[in-house]
Amino acid sequence: MKRRRRFNIPVKVILVICTVICLTLIVVSFKYQAQMNPVKTAVGNVITPMQSGINSLGSGIYSVFDLFSSKKKLLKENEQLKKQLEDIRQENVSLIGDRNELASLRQLYRLDQGYSQYPKVAARVVSRDDSNWYNMFTIDKGSDDGIQKNMNVIAGNGLVGIVTEVGKSYSKVRSIIDDNSYVSGMFLRTSDTCDVKGNLTTINDGYIEVERISVDAEVEEGYEIVTSYVSDRYLDGILIGYVKDIVTEPDNMTMTAKVIPVVDFNRLDTVLVITKLKHSDELEEMTDYD
Amino acid sequence: MIKKWVSTILFMLFCYLLQTTLFKHLQLAGVVPNLLLILTVSASYVRGQKDGLITGFLCGLLSDMVFGNIIGLYALLYMIIGYVTGYTYNVYLRNHFFILLIIGISDLLYGFMYYVFEFLTRGRFSILYYLRHIILPEAVYTMLIAVVFFKLFLLLNRLVVPGDVGEAL
Numbered sequence: 004m005k006r007r008r009r010f011n012i013p014v015k016v017i018l019v020i021c022t023v024i025c026l027t028l029i030v031v032s033f034k035y036q037a038q039m040n041p042v043k044t045a046v047g048n049v050i051t052p053m054q055s056g057i058n059s060l061g062s063g064i065y066s067v068f069d070l071f072s073s074k075k076k077l078l079k080e081n082e083q084l085k086k087q088l089e090d091i092r093q094e095n096v097s098l099i100g101d102r103n104e105l106a107s108l109r110q111l112y113r114l115d116q117g118y119s120q121y122p123k124v125a126a127r128v129v130s131r132d133d134s135n136w137y138n139m140f141t142i143d144k145g146s147d148d149g150i151q152k153n154m155n156v157i158a159g160n161g162l163v164g165i166v167t168e169v170g171k172s173y174s175k176v177r178s179i180i181d182d183n184s185y186v187s188g189m190f191l192r193t194s195d196t197c198d199v200k201g202n203l204t205t206i207n208d209g210y211i212e213v214e215r216i217s218v219d220a221e222v223e224e225g226y227e228i229v230t231s232y233v234s235d236r237y238l239d240g241i242l243i244g245y246v247k248d249i250v251t252e253p254d255n256m257t258m259t260a261k262v263i264p265v266v267d268f269n270r271l272d273t274v275l276v277i278t279k280l281k282h283s284d285e286l287e288e289m290t291d292y293d
Numbered sequence: 005m006i007k008k009w010v011s012t013i014l015f016m017l018f019c020y021l022l023q024t025t026l027f028k029h030l031q032l033a034g035v036v037p038n039l040l041l042i043l044t045v046s047a048s049y050v051r052g053q054k055d056g057l058i059t060g061f062l063c064g065l066l067s068d069m070v071f072g073n074i075i076g077l078y079a080l081l082y083m084i085i086g087y088v089t090g091y092t093y094n095v096y097l098r099n100h101f102f103i104l105l106i107i108g109i110s111d112l113l114y115g116f117m118y119y120v121f122e123f124l125t126r127g128r129f130s131i132l133y134y135l136r137h138i139i140l141p142e143a144v145y146t147m148l149i150a151v152v153f154f155k156l157f158l159l160l161n162r163l164v165v166p167g168d169v170g171e172a173l
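Same order as they appear, the protein sequences are chains A and B. In this text, residue positions in the first sequence follow the working numbering: the first is 4, and each later residue adds one. In this text, residue positions in the second sequence follow the working numbering: the first is 5, and each later residue adds one.
These aren't lab readings, by the way, just hints derived from the structure by calculation. Incorrect hints may appear among the rest.
[Stated by the list, open to error] Residues from chain B shown here face chain A by an in silico Cβ test under 10 Å; the list is partial:
| hint | residue |
| --- | --- |
| 1 | Tyr-20 |
| 2 | Lys-54 |
| 3 | Gly-60 |
| 4 | Leu-65 |
| 5 | Met-69 |
| 6 | Leu-81 |
| 7 | Arg-126 |
| 8 | Val-152 |
Beta carbons: idealized from backbone N, C-alpha and C, even for Gly.
Please put together the full structure from these sequences, using the hints given.
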């Protein structure tokens with residue numbers, strides 16, 4: 004015991020030193036968020052490949068238990084088909100949407116092109132946020148694959164979230180159900196704008212909040228909410244979900260509602276990142292929060 | 005000394021990787037256990053205040069670096085947990101239930117502080133909801149998993165610090 008206590012610094016001193024380090028770090032990272040990013044990216048670049056490894060190891064073992072090794076090929080094929088299906092399903096939905104609404108809503112639905120035509124990169128979900136409080140996750144594609152901060156992430160036929168941090172071979176995505184998430188949306192049929200806010204307490208019941216709908220808006224239950232033109236970071240026209248329970252606020256100025264996201268966030272393993280930024284030049288100065 | 009810290013850091017990485025990958029498939033009631041907290045409290049219980057404090061600091065720093073917005077906040081929180089639970093170093097009990105209880109209480113405190121820092125400051129007031137759906141389930145699950153991870157930590161401790169108090173447990 005004695006031998007190992009050569010540098011016997013009192014524990015109170017260490018406590019004070021570490022506290023000072025922590026406080027300094029808090030102040031520094033709060034003030035110079037952008038400058039701290041390389042440090043975080045460096046850590047991420049080390050951690051993510053390991054997580055990727057564990058994941059593939061885990062799913063490897065799992066697949067052996069689950070389906071015996073001879074079916075590995077089928078699994079691989081299945082995975083490819085799933086990716087394809089996801090692509091096609093999304094295209095299909097937007098095509099059906101186009102067909103049904105083009106005639107009556109041409110003026111309102113002025114998309115230059117559907118989002119199925121945007122260039123996309125498929126990615127796997129590698130890990131999730133370490134706490135139980137947020138809905139952020141890591142995907143296995145990064146700057147090497149052309150991903151940049153603020154790119155939109157979709158899955159199936161709807162919006163998943165936005166890229167908040169990019170490393171060499173990983174990126175972090177904040178999903179729209181995250182408590183910090185905020186998306187400007189609009190009703191596809193009437194072009195009334197609204198704000199879609201993630202909320203931890205409501206997502207357990209399967210919906211997130213919609214706020215600031217104008218009382219004049221003629222919206223009904225079941226209407227689609229898509230991302231809006233006015234959003235700085237989200238490409239417009241991406242389906243978020245279907246609205247329900249529209250309520251007029253006591254102040255009689257706005258209405259709030261619930262939106263059921265079309266994406267199943269519990270079963271998210273493959274996502275598509277749209278590698279096209281909205282106003283790519285103006286985004287440099289934007290922070291994580293709108 | 006070096007062996008002890010290298011092994012602790014490796015164990016910490018191991019815990020962190022499991023927490024963010026494997027355990028997302030093993031969720032109970034929608035939560036994952038906080039393995040870093042188990043490590044921090046185990047370190048203080050088995051090795052004393054100083055080690056608990058430093059282990060907590062490292063665990064928090066890792067968590068901050070990978071998923072936090074403000075670096076240092078959770079380093080501070082984990083460090084304080086490590087320091088405070090270090091007072092149990094002098095409590096010699098053959099019964100492991102004691103350490104599980106300490107881990108549970110620490111996780112409750114951690115959850116509460118997390119809520120205060122991240123949610124209360126943004127005007128989310130429904131603490132009872134968060135308590136029922138996240139803080140309590142997480143504490144219970146963490147306690148359950150701690151049965152395994154505390155044993156693992158003891159095993160590791162016996163390997164790298166022969167003759168330490170871990171031997172007695």
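Minimum Cβ distance from B/Arg-126 to chain A below 10 Å? 8 Å, holds
At a threshold of 10 Å, is the proposed contact between B/Gly-60 and chain A supported by beta-carbon distances? Since chain A brings a Cβ to about 9 Å from B/Gly-60, closer than 10 Å, the hint holds.
Holds or violated: B/Leu-81 as interface residue toward chain A, Cβ cutoff 10 Å? At about 9 Å, which falls below the 10 Å cut-off, the nearest Cβ of chain A leaves the hint on B/Leu-81 intact, so it holds.
Are B/Val-152 and chain A close enough, Cβ to Cβ, to be under 10 Å, as the hint says? Not OK, violated: B/Val-152 not within 10 Å of chain A, min 17 Å.
Checking hints one by one. Is B/Lys-54 an interface residue toward chain A, by the C-beta closer than 10 Å rule? 4 Å, holds
Is the hint on B/Leu-65 kept, meaning its closest Cβ partner in chain A is under 10 Å away? B/Leu-65 check passes; min Cβ-Cβ to chain A is 8 Å, inside 10 Å.
Grab the minimum C-beta distance from B/Met-69 to chain A and call the hint holds if it beats 10 Å, violated otherwise. 4 Å, holds
Given B/Tyr-20 as an interface hint, is the shortest Cβ-Cβ distance to chain A below 10 Å? 7 Å, holds
Hint compliance for this structure: hint 8 is the single one not met.
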